[in-house]
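Asks: Listed below, chain by chain, are the residues.
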Amino acid sequence: MSLQVLIFSLLACVSILGALGVVIARNPVHSAIGLVLSFLNVAAIYLIARAEFLAVVQVIVYAGAVIVLVVFVTMLVHPDDLPEFHGRRPLRVATGLVLGVALLLEVAAAILTRSLYGAPGPWTDQTIAAVGGNTRALGQTLYSDYMLAIQLTALLLLAATIGAIVLARPEAVSERVAAARRTLTISLAHPRGLDQPELPPALPLPPDGQVKPAGGGRPIVLARSASEFTEQPAWGEWRTP
Amino acid sequence: MIDFSQPTPVILSEVRQLTPTRRELVLNMGPQHPSTHGVLRVRLTLEGETVIACDPVIGYLHRGVEKLGESHRYAQFVPWTDRTDYVAAPSNNLGYVLAVEKLCGIQAPERAQYWRMIMAELARLASHLVWLGTHALDIGALSVSLYTFRDRELILDIFEKFCGARLTTNMMEIGGFSREIPPDLPEMVREFCRYFPKAIRQYEDLLTENPIWLARTKGVGIIEPDVAINYGLTGACLRGSGVNYDVRKAMPYLLYDRVEFDVPLGTHGDVYDRYLVRIEEMRQSIRIIEQCLEQVPTDGPLMAYESQYVIPPHKNVMTTAEDMQRHFIWVIKGFSPPKGEVYHAVEHSKGELGYYIVSDGSPIPYRLRIRSPDFVNLQSLPYMAQGAMLADIVALIGTIDIVLGSVDR
Amino acid sequence: MDWQRLLVSYFVGFVLLNVLLGLMAYMTWFERRVLARMQHRVGPNRTGPFGLLQPIADGIKLLAKEDIVPANADRLVFLVAPLLSFALAPLGAAVIPFGETLHLFGLEIPLLVADINVAVLYVLALGSIGVYGIILGGYASGNRYSLLGALRSTAQVISYELVLGLSLVGVFILAGSLSLQDILREQQRALVIGPLTLPNWYILSQPLAFALFLIAAVAETNRAPFDLPEAETELVAGYFTEYSGFRFSFYFLAEYINMIVVSLLAATLFLGGIDGPFVDGVWWLALKALFFLFFYVWLRATLPRFRYDQLMGLAWKVLLPLALLNIGLTGLVRLWGIGAL
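Just so you know, the protein sequences line up as chains R, H and S, in that order.
Residue 207 in the working numbering sits at position 207 of the first sequence; the count goes up by one each step and never skips.
Residue 19 in the working numbering sits at position 19 of the second sequence; the count goes up by one each step and never skips.
Residue 265 in the working numbering sits at position 265 of the third sequence; the count goes up by one each step and never skips.
I should point out that these hints are in silico values taken from the structure, not numbers from a laboratory.
C-beta atoms are modelled at their ideal positions from N, C-alpha and C, and glycine is treated no differently.
Some hints here could point you the wrong way.
[As the list claims (entries may be wrong)] Covered stretches of chain S, as calculated for chain H (at least 3 residues, CB under 8 Å):
{"id": "1", "segment": "39-45"}
{"id": "2", "segment": "301-309"}
[Stated by the list, open to error] From the derived model, a few chain S residues whose C-beta atoms are all more than 12 Å from chain H:
{"id": "3", "residue": "A25"}
{"id": "4", "residue": "L76"}
{"id": "5", "residue": "L148"}
{"id": "6", "residue": "L204"}
{"id": "7", "residue": "A224"}
{"id": "8", "residue": "A286"}
[To be verified] With a cut-off of at most 25 Å between alpha-carbon atoms, the simulated BS3-like pairs for lysine-lysine come out as follows:
{"id": "9", "chain 1": "H", "residue 1": "K67", "chain 2": "H", "residue 2": "K339"}
{"id": "10", "chain 1": "H", "residue 1": "K218", "chain 2": "R", "residue 2": "K212"}
{"id": "11", "chain 1": "H", "residue 1": "K67", "chain 2": "H", "residue 2": "K315"}
{"id": "12", "chain 1": "H", "residue 1": "K102", "chain 2": "H", "residue 2": "K249"}
{"id": "13", "chain 1": "S", "residue 1": "K65", "chain 2": "H", "residue 2": "K218"}
{"id": "14", "chain 1": "H", "residue 1": "K198", "chain 2": "H", "residue 2": "K161"}
{"id": "15", "chain 1": "H", "residue 1": "K249", "chain 2": "R", "residue 2": "K212"}
{"id": "16", "chain 1": "H", "residue 1": "K198", "chain 2": "R", "residue 2": "K212"}
{"id": "17", "chain 1": "H", "residue 1": "K339", "chain 2": "H", "residue 2": "K315"}
{"id": "18", "chain 1": "H", "residue 1": "K333", "chain 2": "H", "residue 2": "K67"}
{"id": "19", "chain 1": "H", "residue 1": "K339", "chain 2": "H", "residue 2": "K161"}
{"id": "20", "chain 1": "H", "residue 1": "K161", "chain 2": "H", "residue 2": "K218"}
Just chain R, with the same shape it has in the complex:
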C-alpha cells in the first residue's frame, strides 16, 4: 500500500510539474514537452489503477498523436505568426488566474468533502475476471451499452476529418507554384504551371520498326539519320492547339 502511494505521489508530482512547465515555458515546443510529460505520468497513474487499456490509449492518442500534431504545427509556423504566449495583458492574466483558482477550488471541494459519489456500476473484480479482463469488459460495455455514443463519436470524427481535408485544400500550393512558375522562369514562351492540363497523350508513333518497347509501358523511338523527325518531335505534335 505504502509503495503504491509513494509511486502515485511521485507520478502526480511530476505530472503537476509538467503542467506547470506548459504554462511557464516561453518556448512553445518546451511547453508541448511539458504537456507530454504530464500526459505520460497520468497514463502511469492509470496503470497503477489497473486500467491498462486506458493508459495505453492515453499514450497513443494524447502523447502520440495530439501533442505530436501540436509540436508539428509549432515547428512549421513561423515564430512571428504564433500567438503571443506571455504578452503583457494584465486583464487576460487576471481572468486566467481567477478561472484557474475557481476550478481548483471546485475540484478541491469535491474531493475534500467526498460528496461526488455515483451509484456503483455492475462491474466488480469478480465480474471483470469472469468476462476475462479489464480490456474485454471495457470493450463489451462500450460496444453494447454505449453503441449509439460510439457511433455518434465516430460520425463527429469523420466530420472533423472531412473538415480538415477541406481546410487543407492542396490547390493553394499548386496555384502558388503555377504563379511562381509564370513569373520566375526565364523563358515565358512556354509556361506550363501545375494548373495546366496534363500532357497530351503520345500521338501515333512512327512506323517501320523504329519503335522499340523500352520498359515502363513506354517505347523509345530509334532515329536512323539526322534527317528524320526534323519537322516535329519524335512522337508528333506536343501541344494541341
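Add chains H and S to chain R, keeping to what the hints say.
Replies: Structure of chains H and S alone, referenced to chain R:
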C-alpha cells in the same frame, strides 16, 4: 506544329523574387551535400516539401580552364581537357584534338580514327555508368551504383592498357596516336562487348520496371521539346524530349558515317525517358564499338605524318635529321597553326561538347572557349524544379548528368 | 506485490536488454556483410575473424568522438532527444514471450518481462512516443535539414502507425485478445484444412494483414525504401544531421533495436513465435526474426526510395483501405464462424 526553323523569342522575366515569405523556407543544398555531384549549390525556396523556386549557384570548382588554354601551347592543353569532364576524359581529348586538327587542316589516319571512335564510345559508356550509378543512388537504389562501378572498372582497365592512365587519360594526340595499339587490346574490347549487354540487363532488372523507380521518374522533370531547344539542351536531355539531334548523325566526324547506329529518342521528355534514352545509348555504343572492331585495319599508320603540326614518330626522330629538328622545334616552341577561328563539336556523353579556338598564328591560342554540354543543360534545372518536390531535385540533378568540373571549368 | 516475481522480472529484463544490445551490434555487422554480398563487395573483414570485431571497433570510435552541440541548437532538448529515442527502443521487447515458463531452483521464471494484457497496444504506444526522440532532435538541431527530416519522420510514423495498428486488428479478432501470450497460445493449435494439418499461424489466416504489417513496420522503423527522414541523398542525414559521437550512436542503436523488436513482434504475431517443428523454443523465434532482419537488408539493397507524397499516398490511399477491408472481412468470417477459427 513547332517550327524549328524559327527561334522562339526568349523573354527575360521580371526580377526574381527570392525573398521568402513567411510560409517559405530557403534551403541551401550544397555546395557540400551528398547528392549534388560535386560542388553544385542549389538554393531552394520551399513551401513544405514543394519547391517554389530553385536557383543553381555554380562556380565552386572554377579553375579558369579556358584561360589556362590561352596560356598553354596547343599540345600542352590536352591534359587540361581531361580535367573538365573527368568521368569521360577521352571524349574531351577528342573534342579538343579534333578542333585543333580542323584548324591545322590535318587528319588522322583511318586506323587512328577507328580507335578514337572506340575510345570515345568506351568513354561514353564509362560516363553513362557513372551517371546511372549516381542517379540511381540519388533516388535511393543503393546497389546499382556498385554494379555500374564494377563494370566501369573493365572500361578503365581498357584505358589503362591503352594509354597507361585510368581516369585522366590524356589519350588523344594531335594527329592520331604516337604509340602502337597493344596487341591484345582488340580482344580485350571484344570481350567487354560480349559481356556488357548482360550487365545492362542486370541494371534494367533492378530499375526499369521497378514500381518505385517508375513512380520517382515518370512525369517528373518534364521538358517540352521546344523548351529544350530554347534552353540549348543537347545530349540525352534533348533527345529525351524527342528532338532528333546527335552530333554524330547531324555533323558526322571521325568515321561515324561508316557505322550503323540508331539515335534513341524519348517520347515524354521526363526523367524516365532520359533514363531509357541513355540505357539505349549504351547498347548503341556497344554496336558502334563492335562495328569499329570489325572495320579497323590491323596495320597501318596511327599518326598523321606529312604535317609540321604533328610530333614526328619516335623512330624517325632517332634516324633522320629533319625529323629530329622538327621534333626539337615541336617540343621547344610548339607549332603555330594558321590564323583563323574554328569550332568543332563532338557528341560527348552529356551532349554537344564544342571547342572554339581563335588562332592568331602564334603557338598559343588567342581565345579558347569550351562549350561544355552540362553547363548548358544545368540551366534547365530551375525550369524542371518549379513545382517539384524536394526529393525530385536530386533526381533532376541526376538526370541532367552534370560533372562540376565541366560545368565550372 | 510479490517481490520474488518482481525481481525475476527485473532479472529477465536485464538479461534481455543486454542480449538486445549485443544483437543490435551484430545486426550492424550482419547488415553490412549481407549488403556487401549483394553488392559484389566483401564488407568488413579486417577486424577480427570475418570482421566480427567491427561493431566493437565502431562502438569505441563513436564513444571516443567529440560530442558537438551546434551553436544555435536548443541545447537541453538537443542533449535529451537521442536518449529518449534510445531508452524507448528496447522497451518493446519486454512483452515478447521468449519461451515457456522455466522452473529453476524452485522459482517460476517466465521467459518474458511483463505479461501485459494489452501488450500489442503497448508496443504501438511505445512507437508513438518514440517519435519524440526524432522530432525533438530534429527541431533542436537548429538545422533545416534536420527540421525537414523530423517533419517527414513524424508524418510518416503517425501515418504508418495507424496502418500498423489496423493491420493487427484482424489478428486480435481471431485471437480474441490483445495479449501476446494468448495470441501465441492460439497459434500453437493446429489448423486443419481438409487433409492438411498446418500450424495455426496467422500468416496463413491473415496474409493481407501480414503484408500490411510488414510494409508498415518497415516504414515505422524508417528503413529503406521508406527511409525518407534520414534520406542521405536529399536531407544529408535528416534529423540526426547535427549529431555526432555517442549521441549519434544512440539514434543508430535505437533504429537497429527497433528493427529487432519489430522483427520479433512480427515473428510472434504472424509466424507463431517460439512455435515450430521438432522442439519449440527461443531458437525458432530467433530464426524467424532473423528472416525479417534479412528481409530488411534485402529491401535496402534492392529498392529505390519513395518520395514523400508517394509515401503518404501509399499509407492513406492504399494501405489504410486495405487494412479496413481486412478488418471487415475478418469480422464477417468471425461473425459467421466459418472454419471455426
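Asks: Would the non-interface assignment of A224/S survive a Cβ cutoff of 12 Å against chain H?
Replies: violated, 7 Å
Asks: Check whether the Cα positions of K339/H and K315/H lie no farther apart than 25 Å.
Replies: The hint is violated at about 31 Å.
Asks: Is the Cα-Cα distance between K249/H and K212/R 25 Å or less?
Replies: Between K249/H and K212/R the Cα gap is close to 19 Å, so the pair holds against 25 Å.
Asks: Are the Cα atoms of K67/H and K315/H separated by 25 Å or less?
Replies: Violated. K67/H to K315/H sits at ~35 Å, over the 25 Å cutoff.
Asks: If I take the minimum Cβ distance from A25/S to any residue of chain H, is it greater than 12 Å?
Replies: Label holds. Min Cβ-Cβ 22 Å, cutoff 12 Å.
Asks: Within 25 Å, alpha carbon to alpha carbon, are K67/H and K339/H?
Replies: holds, 19 Å
Asks: Is the straight-line distance between the alpha-carbon of K333/H and that of K67/H 25 Å or less?
Replies: holds, 20 Å
Asks: So if I understand the rule, the pair passes when the alpha-carbon distance is 25 Å or less; does K161/H with K218/H pass?
Replies: This hinted pair is violated, its Cα atoms lying about 40 Å apart.
Asks: Given the hint that K198/H pairs with K161/H, does the C-alpha gap stay at or below 25 Å?
Replies: Holds, because 23 Å separates the two Cα atoms, which is no more than 25 Å.
Asks: Hey, does A286/S actually stay past 12 Å from chain H on C-beta?
Replies: Given that every Cβ of chain H is farther than 12 Å from that of A286/S, nearest at about 27 Å, it holds.
Asks: Please confirm whether L204/S is truly not at the interface, meaning its C-beta sits more than 12 Å away from all C-beta atoms of chain H.
Replies: Answer for L204/S: holds, closest chain H Cβ roughly 27 Å.
Asks: Holds or violated: the segment 39-45 of chain S covered by chain H, criterion of 3 or more residues with Cβ-Cβ distance under 8 Å?
Replies: Three-residue rule met by the segment 39-45 of chain S, so holds; n is 3.
Against the hints set out earlier in the document, violations occur for numbers 5, 7, 11, 13, 17, 19 and 20.
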